[in-house]
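S.K.: Here is what each chain is made of, one letter per residue.
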Amino acid sequence: MAFGKAKRKSKMVSYAKWGYIFLIPFVVAFIVFQLYPLFTTFYYSFFEYFKPQVSDTFVGPNFVGLENYKTLFTNSKILVYLKNTVIMWILGFIPQIIISLLFAYWFTNNRLNLKRTGIFKSIIYMPNLIMASAFAMLMFSLFSNSDTGPINSILTMMGFSPIRALDTVGGTWGVVALMNFMMWFGNTTILLMAAMMGLNYSLIEAAEIDGASQLQIFFKITLPLIKPVLIYVLITSLIGGLQMFDVPQILTNGKGSPNNSAMTVIMYLNLNLTSRNYGVAGAISVFMFVICSVFSLIVYYFFSRNSASSSLRKKV
Amino acid sequence: MMKGHLVKESMSLKLWRAVSYIVLIFFSLLCLFFFFMLIINSTRSHYQIQQGFDFLPGSNFISNFKKVLSEDQFPIGTGLLNSLIVSGFTSVLAIYFSAMTAYAIHVYNFKGKKFMFNFILLIMTVPTQVSALGFVDLVNKMGMRNTFYPLIIPAIASPVVFFFMKQYMDSSLPLEIIEAARIDGSGEFRTFNQIVMPIMKPALAVQAIFTFVGAWNNYFLPSLIIQTKDKKTVPILIANLRSKDWASLDVGEVYMMITLAILPVMIVYFSLSKFIIAGVALGGVKE
Numbered sequence: 007m008a009f010g011k012a013k014r015k016s017k018m019v020s021y022a023k024w025g026y027i028f029l030i031p032f033v034v035a036f037i038v039f040q041l042y043p044l045f046t047t048f049y050y051s052f053f054e055y056f057k058p059q060v061s062d063t064f065v066g067p068n069f070v071g072l073e074n075y076k077t078l079f080t081n082s083k084i085l086v087y088l089k090n091t092v093i094m095w096i097l098g099f100i101p102q103i104i105i106s107l108l109f110a111y112w113f114t115n116n117r118l119n120l121k122r123t124g125i126f127k128s129i130i131y132m133p134n135l136i137m138a139s140a141f142a143m144l145m146f147s148l149f150s151n152s153d154t155g156p157i158n159s160i161l162t163m164m165g166f167s168p169i170r171a172l173d174t175v176g177g178t179w180g181v182v183a184l185m186n187f188m189m190w191f192g193n194t195t196i197l198l199m200a201a202m203m204g205l206n207y208s209l210i211e212a213a214e215i216d217g218a219s220q221l222q223i224f225f226k227i228t229l230p231l232i233k234p235v236l237i238y239v240l241i242t243s244l245i246g247g248l249q250m251f252d253v254p255q256i257l258t259n260g261k262g263s264p265n266n267s268a269m270t271v272i273m274y275l276n277l278n279l280t281s282r283n284y285g286v287a288g289a290i291s292v293f294m295f296v297i298c299s300v301f302s303l304i305v306y307y308f309f310s311r312n313s314a315s316s317s318l319r320k321k322v
Numbered sequence: 014m015m016k017g018h019l020v021k022e023s024m025s026l027k028l029w030r031a032v033s034y035i036v037l038i039f040f041s042l043l044c045l046f047f048f049f050m051l052i053i054n055s056t057r058s059h060y061q062i063q064q065g066f067d068f069l070p071g072s073n074f075i076s077n078f079k080k081v082l083s084e085d086q087f088p089i090g091t092g093l094l095n096s097l098i099v100s101g102f103t104s105v106l107a108i109y110f111s112a113m114t115a116y117a118i119h120v121y122n123f124k125g126k127k128f129m130f131n132f133i134l135l136i137m138t139v140p141t142q143v144s145a146l147g148f149v150d151l152v153n154k155m156g157m158r159n160t161f162y163p164l165i166i167p168a169i170a171s172p173v174v175f176f177f178m179k180q181y182m183d184s185s186l187p188l189e190i191i192e193a194a195r196i197d198g199s200g201e202f203r204t205f206n207q208i209v210m211p212i213m214k215p216a217l218a219v220q221a222i223f224t225f226v227g228a229w230n231n232y233f234l235p236s237l238i239i240q241t242k243d244k245k246t247v248p249i250l251i252a253n254l255r256s257k258d259w260a261s262l263d264v265g266e267v268y269m270m271i272t273l274a275i276l277p278v279m280i281v282y283f284s285l286s287k288f289i290i291a292g293v294a295l296g297g298v299k300e
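Line by line, the protein sequences give chains A and B.
Read left to right, the first sequence gives residues 7 to 322 (my numbering).
Read left to right, the second sequence gives residues 14 to 300 (my numbering).
Hints may be right or wrong, so weigh each one.
[As the list claims (entries may be wrong)] Just a sample of chain B residues kept apart from chain A, beta carbon distances all over 12 Å, derived:
no., residue
1, 34
2, 160
3, 214
[What the hints assert, rightly or not] Each pair of labels, with its calculated beta carbon distance range:
no., chain 1, residue 1, chain 2, residue 2, range
4, B, 187, A, 266, 49 to 59 Å
5, B, 243, A, 266, 28 to 38 Å
6, A, 177, B, 68, 17 to 27 Å
7, B, 155, A, 280, 35 to 45 Å
8, A, 86, B, 79, 44 to 54 Å
[Unchecked claim] DMTMM-like, lysine to aspartate or glutamate: derived pairs with alpha carbons at most 25 Å apart:
no., chain 1, residue 1, chain 2, residue 2
9, A, 23, B, 84
10, A, 57, B, 150
11, B, 154, A, 62
12, B, 214, B, 197
13, B, 27, A, 54
14, B, 244, A, 62
15, A, 76, B, 201
16, B, 242, B, 85
17, B, 257, A, 54
18, B, 242, B, 84
19, B, 257, A, 153
20, B, 80, B, 67
21, B, 214, B, 243
22, B, 154, B, 243
23, B, 154, A, 54
24, B, 27, A, 214
25, A, 23, B, 201
26, A, 23, B, 183
27, B, 27, A, 211
Source of the hints: derived by calculation from the structure; they are not laboratory data.
We treat Cβ as the ideally placed atom computed from N, Cα and C, and that holds for glycine.
Turn these sequences into a full structure, and let the hints guide you.
M.R.: This is the structure we're talking about:
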């Protein structure tokens, strides 16, 4: 780390002001576009501030204390939306982590020695870069509820009866989870691969010589050694999952249908922002900020420990 | 006996290899399948698509393309141009200023440097949505509603890009080069722009791609800022398309619009995928 180079300090001192100068753009942009808006978001969460549908002028801002929070937790389904969000995340994350672990293990296994892995990696990473909203529109079109929709017409050809996936709760969750899985398992595979390649191969060789099976090596050696990276993947994925928006928003046209089962927290925030219900929108934002901050802190400790090198294996 | 053991071992290894190829091919096909359906349907007419799916392409690609471009309700041509402008500028600002920020922390010693580094790490995973309310409010007060500026300028502070640049500098930017430049009389800004930036090229290129794609796909904030048809970016047009009555749409056109939204990134990706994947592995967790 750069901080370790403190011994050079004496030479650098006269240049210190340049450090501040080079930081100016970042700091200014951060304060203006992130910190100040975060502050006003908190501020508005304590105010009555909305535009009635029939009127052109806003009501408020009038200070109402914790009224918006009370409304949020008693009169809205925020906890149901949080539950929906977490369920859809879990449904995608479980297959994602299993398949990614398997693929990363296969790609890095010297004895298996797979060929053409570059092509596989390119293909499975591809959905990650696809515009989520366009992908959701595509899935909506393909799963469209007519019996002659593309997916249903293939099912009919194969002798199954057509399904109306987007009319059922399970079907909608399934499609969202499938998309999340497809968009993220390639990315996770590559991260886990990088972690597995960084392992000391002699450990695995020693185990092989001692007669350990491939399964034993995987569960008893590889998995425990990459635990920090697994935790990192889990938490960053959870933070990303809590922000789930584009896919369910486009898939259900912002309605979270059927019966609000696919409504996520950020979709609800978006609903309040577009209907200019700013007080409640502020309360939702603060609620999300608190949840995400807790997880962000964990990632932060991961990174700062990681930078401090070897101690991370025990600490995280 | 030893020989027999080896043969048996390689048989089971062969079996494993076969299984892994089959599973890999299955999931690769899964990834490609929906996009295959997209491309096929974009070549077929509304009527043909209504009749059911066909694995062979149709002959309506050009006519769908022309119909989409002349569509007045969803001006995809303008949308693509708007997205290109926003993503291009976002990407340039993000990489240049993130490199500058990383340079400040990497090269100079000053009070609060460690705090600054830790602070940026800390805010790296705070989602932008939680400050969206204040952001929209600020943009309205600055009179920048329905302009591209609020979509582009905030990219100057991109913690994730900063972190990547910092890591790259740790591994590839020796301080001796900067000291040598100083001895030769180069000013600090000149050293940064003319000596450091060229060294950073590989990192800049990787991050340029990621920030471009991120901005290209971004839907949440732009949809709150952009109001008029002539300024809409592609994801907003897709959302508008979704909000129309499905029965009233020409389905061939719908698939063509999705294709146009996805294709530019796909082309860039497949021509640079090796490079991009190496970047993903680097950007994650190093060492």
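S.K.: Now tell me, hint by hint, if it's right for this structure.
M.R.: Now for the hints, and whether the structure bears them out:
{"no.": "1", "hint": "34", "verdict": "7 Å, violated"}
{"no.": "2", "hint": "160", "verdict": "14 Å, holds"}
{"no.": "3", "hint": "214", "verdict": "19 Å, holds"}
{"no.": "4", "hint": "B:187 <-> A:266: 49 to 59 Å", "verdict": "57 Å, holds"}
{"no.": "5", "hint": "B:243 <-> A:266: 28 to 38 Å", "verdict": "35 Å, holds"}
{"no.": "6", "hint": "A:177 <-> B:68: 17 to 27 Å", "verdict": "24 Å, holds"}
{"no.": "7", "hint": "B:155 <-> A:280: 35 to 45 Å", "verdict": "20 Å, violated"}
{"no.": "8", "hint": "A:86 <-> B:79: 44 to 54 Å", "verdict": "46 Å, holds"}
{"no.": "9", "hint": "A:23 <-> B:84", "verdict": "55 Å, violated"}
{"no.": "10", "hint": "A:57 <-> B:150", "verdict": "13 Å, holds"}
{"no.": "11", "hint": "B:154 <-> A:62", "verdict": "17 Å, holds"}
{"no.": "12", "hint": "B:214 <-> B:197", "verdict": "23 Å, holds"}
{"no.": "13", "hint": "B:27 <-> A:54", "verdict": "68 Å, violated"}
{"no.": "14", "hint": "B:244 <-> A:62", "verdict": "24 Å, holds"}
{"no.": "15", "hint": "A:76 <-> B:201", "verdict": "54 Å, violated"}
{"no.": "16", "hint": "B:242 <-> B:85", "verdict": "10 Å, holds"}
{"no.": "17", "hint": "B:257 <-> A:54", "verdict": "33 Å, violated"}
{"no.": "18", "hint": "B:242 <-> B:84", "verdict": "12 Å, holds"}
{"no.": "19", "hint": "B:257 <-> A:153", "verdict": "20 Å, holds"}
{"no.": "20", "hint": "B:80 <-> B:67", "verdict": "22 Å, holds"}
{"no.": "21", "hint": "B:214 <-> B:243", "verdict": "35 Å, violated"}
{"no.": "22", "hint": "B:154 <-> B:243", "verdict": "22 Å, holds"}
{"no.": "23", "hint": "B:154 <-> A:54", "verdict": "19 Å, holds"}
{"no.": "24", "hint": "B:27 <-> A:214", "verdict": "17 Å, holds"}
{"no.": "25", "hint": "A:23 <-> B:201", "verdict": "11 Å, holds"}
{"no.": "26", "hint": "A:23 <-> B:183", "verdict": "21 Å, holds"}
{"no.": "27", "hint": "B:27 <-> A:211", "verdict": "19 Å, holds"}
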